[in-house]
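2 protein chains.
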Amino acid sequence: MSKPLILVTNDDGMFAPGIKALVSVASEFGEVVVIAPDSPQSGQGHAITLTSPIRLNKVDVFEGIDAYECSGTPVDCVKLAKSVILKDRKVDLCVSGINHGSNASINIIYSGTMSAAMEASLEGIPSIGFSYLDYSFEADFSGPRHFARQIIDYALNKKLGDAQLLNVNIPALPLADIKGIKVCKQAEGTWTEDFVESKDPRGESYYWMTGEFILESKETDTDIWALNNGYVSVVPSMHDLTHHTALASVKGLENSN
Amino acid sequence: MSKPLILVTNDDGMFAPGIKALVSVASEFGEVVVIAPDSPQSGQGHAITLTSPIRLNKVDVFEGIDAYECSGTPVDCVKLAKSVILKDRKVDLCVSGINHGSNASINIIYSGTMSAAMEASLEGIPSIGFSYLDYSFEADFSGPRHFARQIIDYALNKKLGDAQLLNVNIPALPLADIKGIKVCKQAEGTWTEDFVESKDPRGESYYWMTGEFILESKETDTDIWALNNGYVSVVPSMHDLTHHTALASVKGLENSN
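The listed protein sequences derive, respectively, from chains L and S. Residue numbers are given in the numbering used here: position 98 of the first sequence equals residue 98, and the series is strictly consecutive. Here the numbering used here runs 1000 ahead of the position in the second sequence, where the first position is 1.
Please keep in mind that the hints were generated in silico from the structure rather than gathered at the bench. Glycine included, C-beta positions come from ideal geometry on N, C-alpha and C. Among the hints, erroneous ones may be present.
[What the hints assert, rightly or not] Only part of the chain L face toward chain S is listed, based on derived beta-carbon distances under 8 Å:
| hint | residue |
| --- | --- |
| 1 | A176 |
| 2 | I178 |
| 3 | K179 |
| 4 | P236 |
[Claimed, not checked] Derived pair list, reagent style SDA-like, types lysine to any residue, alpha-carbon separation capped at 20 Å:
| hint | chain 1 | residue 1 | chain 2 | residue 2 |
| --- | --- | --- | --- | --- |
| 5 | L | K218 | S | D1240 |
| 6 | L | K3 | L | D153 |
| 7 | S | K1090 | L | E193 |
| 8 | S | K1087 | L | D194 |
| 9 | L | K159 | S | K1087 |
| 10 | S | K1003 | S | S1027 |
| 11 | L | K58 | L | K87 |
| 12 | S | K1087 | L | G252 |
| 13 | S | K1179 | L | G252 |
The whole structure should be built from the sequences, with the hints applied where relevant.
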């Protein structure tokens, strides 16, 4: 059997410790190809580049591994990997991250890391986004490395079933203190923004976004609960945004006038 | 009873015919406040601006209506409306669009128009994104205006129930030829990209994204089916990306090692 082909991407760029850890773990399992944005793309969500050209350059960052930098968004990276760099090759798995910061709960929709992973799953590639709840570039990656290894192994052994996209978050704890993995659902939560208003040197106003996460779910089967209780959270995710149980609520529109 | 407060936004900017039509229809129902990006933001998905300042300027575009331009993404626009422009006021409805081009099927996740609407619904504001399958800025907006009026009326009469976010697409047909409204689910489909490679004047390569939509759903209860058969499609949408039926598939991860 030939070695699996694993695509590695992220939203923090090629020099983030998170992608280095992920490339190292993925390389234990198969042939790795890396494509990452050439500038940090946090909060880019599912943005794509339609109205300007995209640059793609081969770079020598990881020894013995093909790596490319792209001027576009994380989703652009995955599209270029699929259609240009790895055209005509079957990609067995896409892993995105390891993000510096949480992508649990509603963060998934703002996240470049998870949007890249979702794009790969849309293209038919089983895909996993990894995020670590430690923002520091000096962080200890032994926990994230351990669980990335375990979950990649699970995925490559074709155990994902219908779950073709996983949102994995790892608590900011030493490996020994992490209790294990919880498979859970996305917690309900939202961000309350507070825009800091300031003046530039020319006296013109500008705003800078800041905010606070408000947890709404009280249940114990959510990603936020798992993380707050020392577990790695794994949420099988997908791209169907239909609110199926609300279809009946608006059926009356068909007869309105 | 005081007049409802309606927030209007889009991703094409303040000078698109679509937002002009929507402002005009919304004004029939209540007080309208407009905030739109100061440059086209198609394909921006749920991107937010975290690493740079955001500019916000009051502009005089629509007679007698407060309007603001923002240097950020469509989602930034909604966050600024909620936290700065309309702070301490209750917004009764957010309408986004009318987008020039389809946001049916998987387009919803790439769409700035729909991401703005989704952001409003996350903030607790009932919200509707409108898209018209005619890209031309010369397009006849009588169909979109008619159905926007009908659906806004329905929403303001508190008939949405659990459906706090609607993805509305209007076929590119004369009003008289549109058969009515279908409440439906998001069709399965994907984009196959083809990147056009070219050289800039300095001889450096660049890529420009193009693509083709591939419909996967065969059912007759989807938005694409409705549009192809002369109906306006209305999909109640939401932000929970959990793949609930796949939770069991990966439960084994909890005991893997």
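Going through the hints against the structure:
no.: 1; hint: A176; verdict: 15 Å, violated
no.: 2; hint: I178; verdict: 13 Å, violated
no.: 3; hint: K179; verdict: 11 Å, violated
no.: 4; hint: P236; verdict: 4 Å, holds
no.: 5; hint: L/K218 to S/D1240; verdict: 16 Å, holds
no.: 6; hint: L/K3 to L/D153; verdict: 13 Å, holds
no.: 7; hint: S/K1090 to L/E193; verdict: 16 Å, holds
no.: 8; hint: S/K1087 to L/D194; verdict: 10 Å, holds
no.: 9; hint: L/K159 to S/K1087; verdict: 49 Å, violated
no.: 10; hint: S/K1003 to S/S1027; verdict: 10 Å, holds
no.: 11; hint: L/K58 to L/K87; verdict: 16 Å, holds
no.: 12; hint: S/K1087 to L/G252; verdict: 33 Å, violated
no.: 13; hint: S/K1179 to L/G252; verdict: 16 Å, holds
Violation of the numbered hints given earlier is confined to hints 1, 2, 3, 9 and 12; the remaining hints are satisfied by the structure.
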